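Asker: Line order of the protein sequences matches chains G and U.
With the numbering used here applied, the first sequence corresponds to residues 1 to 448, in that order.
With the numbering used here applied, the second sequence corresponds to residues 1 to 448, in that order.
Keep in mind that the hints were calculated from the coordinates and are not lab data.
Hints may be right or wrong, so weigh each one.
In this list, chains with the same sequence are indistinguishable; a pair is considered to hold if it fits within one copy or across any two.
Distance condition first, Cα-Cα at most 27 Å in a straight line; then the derived DSS-like pairs of lysine-lysine [claimed, not checked]:
#: 1; residue 1: Lys114; residue 2: Lys348
#: 2; residue 1: Lys9; residue 2: Lys352
#: 3; residue 1: Lys9; residue 2: Lys218
#: 4; residue 1: Lys413; residue 2: Lys281
#: 5; residue 1: Lys84; residue 2: Lys123
#: 6; residue 1: Lys413; residue 2: Lys84
#: 7; residue 1: Lys413; residue 2: Lys90
#: 8; residue 1: Lys194; residue 2: Lys175
#: 9; residue 1: Lys352; residue 2: Lys7
#: 10; residue 1: Lys123; residue 2: Lys356
#: 11; residue 1: Lys218; residue 2: Lys90
#: 12; residue 1: Lys281; residue 2: Lys356
#: 13; residue 1: Lys90; residue 2: Lys123
#: 14; residue 1: Lys218; residue 2: Lys61
#: 15; residue 1: Lys281; residue 2: Lys9
#: 16; residue 1: Lys7; residue 2: Lys84
#: 17; residue 1: Lys348; residue 2: Lys9
#: 18; residue 1: Lys352; residue 2: Lys281
#: 19; residue 1: Lys9; residue 2: Lys123
#: 20; residue 1: Lys7; residue 2: Lys348
#: 21; residue 1: Lys114; residue 2: Lys61
#: 22; residue 1: Lys413; residue 2: Lys175
Since we're looking at a predicted model, the values are computed, not measured.
2 protein chains.
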Amino acid sequence: MNVEINKPKEVIANRDKEALVEYYEQLNPFEIAQFISELETDDLYFAFECIDNEQIRDVFKHLENEIQQNIIEYLELDRHRLAKLLNELKPDDRTALLEDMPEHISRRMIQLLKPEERRIAVKLLGYPEESIGRLMTSEYVAVQPHYTMPEVIQHIRNFGHDSETLNVLYVVDEKLRLVDDLRIKEIILASPEKTVADLMDDSFVSLNAADDQETAVKVFLDQDRVALPVVDGDGVMLGIVTVDDVMDVAQEESTEDFHRFGAIREAISNPLTASVGALYKNRIVWLFALVFMNVFSGYAMQQFEATIQSMVALVFFLPLLIDSGGNAGAQSATLMVRALATGEVALKDWGKLVGKEVFIALLLGTTMAAAVSVVAGIRAPEIVVVVALSMVCIVLVGSVFGLLLPFIFTRLKLDPAAASAPLITSVSDITGVIIYFSIATWYLSDTI
Amino acid sequence: MNVEINKPKEVIANRDKEALVEYYEQLNPFEIAQFISELETDDLYFAFECIDNEQIRDVFKHLENEIQQNIIEYLELDRHRLAKLLNELKPDDRTALLEDMPEHISRRMIQLLKPEERRIAVKLLGYPEESIGRLMTSEYVAVQPHYTMPEVIQHIRNFGHDSETLNVLYVVDEKLRLVDDLRIKEIILASPEKTVADLMDDSFVSLNAADDQETAVKVFLDQDRVALPVVDGDGVMLGIVTVDDVMDVAQEESTEDFHRFGAIREAISNPLTASVGALYKNRIVWLFALVFMNVFSGYAMQQFEATIQSMVALVFFLPLLIDSGGNAGAQSATLMVRALATGEVALKDWGKLVGKEVFIALLLGTTMAAAVSVVAGIRAPEIVVVVALSMVCIVLVGSVFGLLLPFIFTRLKLDPAAASAPLITSVSDITGVIIYFSIATWYLSDTI
Numbered sequence: 001m002n003v004e005i006n007k008p009k010e011v012i013a014n015r016d017k018e019a020l021v022e023y024y025e026q027l028n029p030f031e032i033a034q035f036i037s038e039l040e041t042d043d044l045y046f047a048f049e050c051i052d053n054e055q056i057r058d059v060f061k062h063l064e065n066e067i068q069q070n071i072i073e074y075l076e077l078d079r080h081r082l083a084k085l086l087n088e089l090k091p092d093d094r095t096a097l098l099e100d101m102p103e104h105i106s107r108r109m110i111q112l113l114k115p116e117e118r119r120i121a122v123k124l125l126g127y128p129e130e131s132i133g134r135l136m137t138s139e140y141v142a143v144q145p146h147y148t149m150p151e152v153i154q155h156i157r158n159f160g161h162d163s164e165t166l167n168v169l170y171v172v173d174e175k176l177r178l179v180d181d182l183r184i185k186e187i188i189l190a191s192p193e194k195t196v197a198d199l200m201d202d203s204f205v206s207l208n209a210a211d212d213q214e215t216a217v218k219v220f221l222d223q224d225r226v227a228l229p230v231v232d233g234d235g236v237m238l239g240i241v242t243v244d245d246v247m248d249v250a251q252e253e254s255t256e257d258f259h260r261f262g263a264i265r266e267a268i269s270n271p272l273t274a275s276v277g278a279l280y281k282n283r284i285v286w287l288f289a290l291v292f293m294n295v296f297s298g299y300a301m302q303q304f305e306a307t308i309q310s311m312v313a314l315v316f317f318l319p320l321l322i323d324s325g326g327n328a329g330a331q332s333a334t335l336m337v338r339a340l341a342t343g344e345v346a347l348k349d350w351g352k353l354v355g356k357e358v359f360i361a362l363l364l365g366t367t368m369a370a371a372v373s374v375v376a377g378i379r380a381p382e383i384v385v386v387v388a389l390s391m392v393c394i395v396l397v398g399s400v401f402g403l404l405l406p407f408i409f410t411r412l413k414l415d416p417a418a419a420s421a422p423l424i425t426s427v428s429d430i431t432g433v434i435i436y437f438s439i440a441t442w443y444l445s446d447t448i
Numbered sequence: 001m002n003v004e005i006n007k008p009k010e011v012i013a014n015r016d017k018e019a020l021v022e023y024y025e026q027l028n029p030f031e032i033a034q035f036i037s038e039l040e041t042d043d044l045y046f047a048f049e050c051i052d053n054e055q056i057r058d059v060f061k062h063l064e065n066e067i068q069q070n071i072i073e074y075l076e077l078d079r080h081r082l083a084k085l086l087n088e089l090k091p092d093d094r095t096a097l098l099e100d101m102p103e104h105i106s107r108r109m110i111q112l113l114k115p116e117e118r119r120i121a122v123k124l125l126g127y128p129e130e131s132i133g134r135l136m137t138s139e140y141v142a143v144q145p146h147y148t149m150p151e152v153i154q155h156i157r158n159f160g161h162d163s164e165t166l167n168v169l170y171v172v173d174e175k176l177r178l179v180d181d182l183r184i185k186e187i188i189l190a191s192p193e194k195t196v197a198d199l200m201d202d203s204f205v206s207l208n209a210a211d212d213q214e215t216a217v218k219v220f221l222d223q224d225r226v227a228l229p230v231v232d233g234d235g236v237m238l239g240i241v242t243v244d245d246v247m248d249v250a251q252e253e254s255t256e257d258f259h260r261f262g263a264i265r266e267a268i269s270n271p272l273t274a275s276v277g278a279l280y281k282n283r284i285v286w287l288f289a290l291v292f293m294n295v296f297s298g299y300a301m302q303q304f305e306a307t308i309q310s311m312v313a314l315v316f317f318l319p320l321l322i323d324s325g326g327n328a329g330a331q332s333a334t335l336m337v338r339a340l341a342t343g344e345v346a347l348k349d350w351g352k353l354v355g356k357e358v359f360i361a362l363l364l365g366t367t368m369a370a371a372v373s374v375v376a377g378i379r380a381p382e383i384v385v386v387v388a389l390s391m392v393c394i395v396l397v398g399s400v401f402g403l404l405l406p407f408i409f410t411r412l413k414l415d416p417a418a419a420s421a422p423l424i425t426s427v428s429d430i431t432g433v434i435i436y437f438s439i440a441t442w443y444l445s446d447t448i
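With the sequences and hints as input, model every part of the structure.
Answerer: Written as structure tokens, this is what we have:
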């Protein structure tokens, strides 16, 4: 191993193209992608330029979306090279890339494609965003029932070169409607005189191009497949979706849910590289809305000024009580958001779940009331009954509210994850304030 | 279509085995699994018994884990049938099942396996839980460099029947060390006189059996593969991991993160079917801990009793201020928990992120202080300065704390998602109370 190769960063600082090419020869495309991902912008462009033409496509597809975009904007200076790169990407990866680019750039990029590739790109982009159609690739092999085994093999030799996966072949009828799927294994293991029709079991699972990508995630999780065929409304086969693309979708969707639930408006993939503006924008909306919601809790409290004046100790337990309601609510919302996202729970189940939640919330509330009574009993024995009683009521109301909110959001066709922990905290605070001081006013007016 | 077939539920209620078998004939195993999943326990056992022996394995593997377990416990009455079912499951699916069963049942189940299958099961179970070794299947095809193409095909015919995927063949040397991977496509497209060595590019990606399953998720997301080989510390090939199993892991892990973040101790897959006891147990721990944490905020407030007495209006803004700190903190924690989970951010990045967060938090805090000043200005002009100043400080402290907590948890080798929204809310409350009333005491003692 050369000295230079031990110090690739130095090689780059010196702009030593020869030594860098030598270094790349020891790496596979994934390792090269990892290596250049860690470089600063200018070094990255240089390092990218040094990659062998044979490997450039493989390296490119292993880069993060953001870095891909930077490289494309940089490469616009060299349209010939950009065109080559784009034309060599797989259709589904290319669609994902085009989708994320600003429109004026993606439009220019489509112009760089070869007529055939342009036709595919425009077609894929014709499906609604977030639809299965956008994930499709047309790189699969389809056969017809009357093919014999040698014909199938010959067909694969003719048309299989670009196929993304050969694990499964698809059987279509004369109208190109999907009628079955066959594993390549069955073909290899079958005796040569058999036809495709002999191997068919007429059982297959397919996706609809117009369906949401979430559906694809659920079907893939259920089916344990590596690829699934996509059909249109008439059952005509349009393409396939492979599990690696669906896995990316699943990952993005759970990030979105997570962020929504933490009251971040849009998913931010990397907080290290995201701009201050994007972070500010995606956080201030909810924070601002919640401030105005919280104003109501102040207003509610004002109504109880006399009670508070007469017993300031009440205030000491306020954060504890309203937090407990919010926390219990955040828990039940968490369970529902996730269960609705994974499909374990459907909209119609809300009634059953409320019944169960009331029971659990009473158990939780009673346990916590017992705990807090110990504390209140020492510090402010005169209000221990108020605090304990309020705890049970507040936990109950918070829990049921937290459970219902994701259902209400889903019903209104909003993302259930927007029923975020902070939102539930804020709403629980208002109801908590009202419950606590109402009970206090009633109890203290009786006893004092 | 028969009348009975239109009313499958009626068929089941009547225990009409013949009609049910007829109904099943029109469904694929996945549809049968969906159908029986919706049945109540006794009906489910009956419906399961009616499934054709040929299909039973496929139906079984499409059932949810929980239902699988119920069926197994029921089938223990018929050990012959249970043994057949278990022996026919794929090793990786079987390991997942054995892992989730109570130990006394899983031990009995292992005894039911054929010697060969038992050997595999015990070996897989020998790897640590959550390790890649547990996900492996030994159903792959390995070839050696000197094989010619016809020899490869013959080898596949001999040993490929049980292979889970034939998309990729693995090349191992005489010591069974993995040296390359080849796509089946390359074999089919190659001319017959070539050997495996001719097709090799000596570039492959592999996983280590001892590594955490999270590593597998990250590698699969990066690599766009459908299967990856698993090796031991010496590079000897042990098995393969397929993307469908990794997708299940990814889904489980993000559910776990989500639940942890919402202060649920362990992931609960389906809140509809989970027992009240499990739900109570997994929720009360955090709620209880948070109650005791909140006691401190009450204690802190007690120190400011005189200030509160002299200006009860301060209390009206308390929930608003402490919530804002908690909300901003929950946002930055959300971003970090997710970014640490997906690997976008590493432990060493905390310094850079804090710098950025301070800047963003000051922007957020100032915006919110401006908003709340309008409200406070109308309702309590004498404390508008206190409220606005406190807002900026509380949002700043909450944000930075929310950002740091996931890093601290990771550093302590705890799950960063345990830096949950409720935990951050509770801690922010204590600091918020102290900041707010300190500023108030200082300001009011000056002006009044």
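Asker: It remains to establish, for every hint, whether it holds in the given structure.
Answerer: Cross-check of the supplied hints:
Neither within a single protomer nor between protomers do Lys114 and Lys348 lie at most 27 Å apart by alpha-carbon distance, with minima of 50 Å and 44 Å respectively. Taking identical chains as interchangeable, the C-alpha atoms of Lys9 and Lys352 lie at most 27 Å apart only when they sit on different chains, with a minimum of 21 Å there against 61 Å within one chain. Proximity of Lys9 to Lys218 under the C-alpha cut-off of 27 Å is restricted to the inter-copy arrangement: shortest distance 25 Å between copies versus 44 Å within a copy. With identical chains, the CA atoms of Lys413 and Lys281 are at most 27 Å apart within one copy only, with a shortest distance of 23 Å there and 33 Å across copies.
Proximity of Lys84 and Lys123 under a CA criterion of 27 Å is satisfied intra-copy only: 20 Å inside one chain copy versus 48 Å between copies. In this homomeric assembly, Lys413 and Lys84 never come within 27 Å of each other (Cα to Cα): the closest approach is 42 Å inside a single copy and 46 Å across copies. In the homo-oligomer, the alpha carbons of Lys413 and Lys90 never lie at most 27 Å apart, since the shortest distance is 34 Å inside one protomer and 40 Å across protomers. Taking the closest pair of Cα atoms, Lys194 and Lys175 come within 27 Å of each other only inside a single copy of the chain (23 Å); across copies the shortest separation is 39 Å, beyond that limit.
Taking the shortest alpha-carbon separations for Lys352 and Lys7, only the inter-copy value of 25 Å comes in at or below 27 Å, while the best intra-copy value is 64 Å. Neither within a single protomer nor between protomers do Lys123 and Lys356 lie at most 27 Å apart by alpha-carbon distance, with minima of 48 Å and 41 Å respectively. With identical chains, the CA atoms of Lys218 and Lys90 are at most 27 Å apart both within one copy (24 Å) and between copies (21 Å). Within a single copy, Lys281 and Lys356 get their C-alpha atoms only as close as 39 Å, which misses the 27 Å cut-off; across copies the closest is 14 Å, which meets it.
For the identical chains of this complex, Lys90 and Lys123 are intra-copy neighbours only, at 14 Å inside a copy versus 39 Å across copies, given an alpha-carbon limit of 27 Å. In this assembly of identical chains, Lys218 and Lys61 lie within 27 Å of each other by CA distance both inside one copy and across copies; the values are 25 Å within and 15 Å between. Taking the shortest Cα distances, Lys281 and Lys9 never come within 27 Å of each other, neither inside one copy (36 Å) nor across copies (53 Å). Taking the shortest Cα distances, Lys7 and Lys84 never come within 27 Å of each other, neither inside one copy (31 Å) nor across copies (58 Å).
Proximity of Lys348 and Lys9 under a CA criterion of 27 Å is satisfied inter-copy only: 19 Å between copies versus 59 Å inside one chain copy. In this assembly of identical chains, Lys352 and Lys281 lie within 27 Å of each other by CA distance solely across copies; the values are 20 Å between and 39 Å within a copy. Proximity of Lys9 to Lys123 under the C-alpha cut-off of 27 Å is found in neither arrangement, the shortest distances being 43 Å within a copy and 43 Å between copies. For a Cα distance limit of 27 Å, the shortest separation of Lys7 from Lys348 across copies, 22 Å, qualifies, whereas the shortest one inside one copy, 62 Å, does not.
In this homomeric assembly, Lys114 and Lys61 come within 27 Å of each other (Cα to Cα) only inside a single copy, at 19 Å, whereas the closest approach across copies is 45 Å. Neither within a single protomer nor between protomers do Lys413 and Lys175 lie at most 27 Å apart by alpha-carbon distance, with minima of 37 Å and 58 Å respectively.
The structure does not agree with the numbered hints 1, 6, 7, 10, 15, 16, 19, 22 stated previously, though it agrees with the rest.
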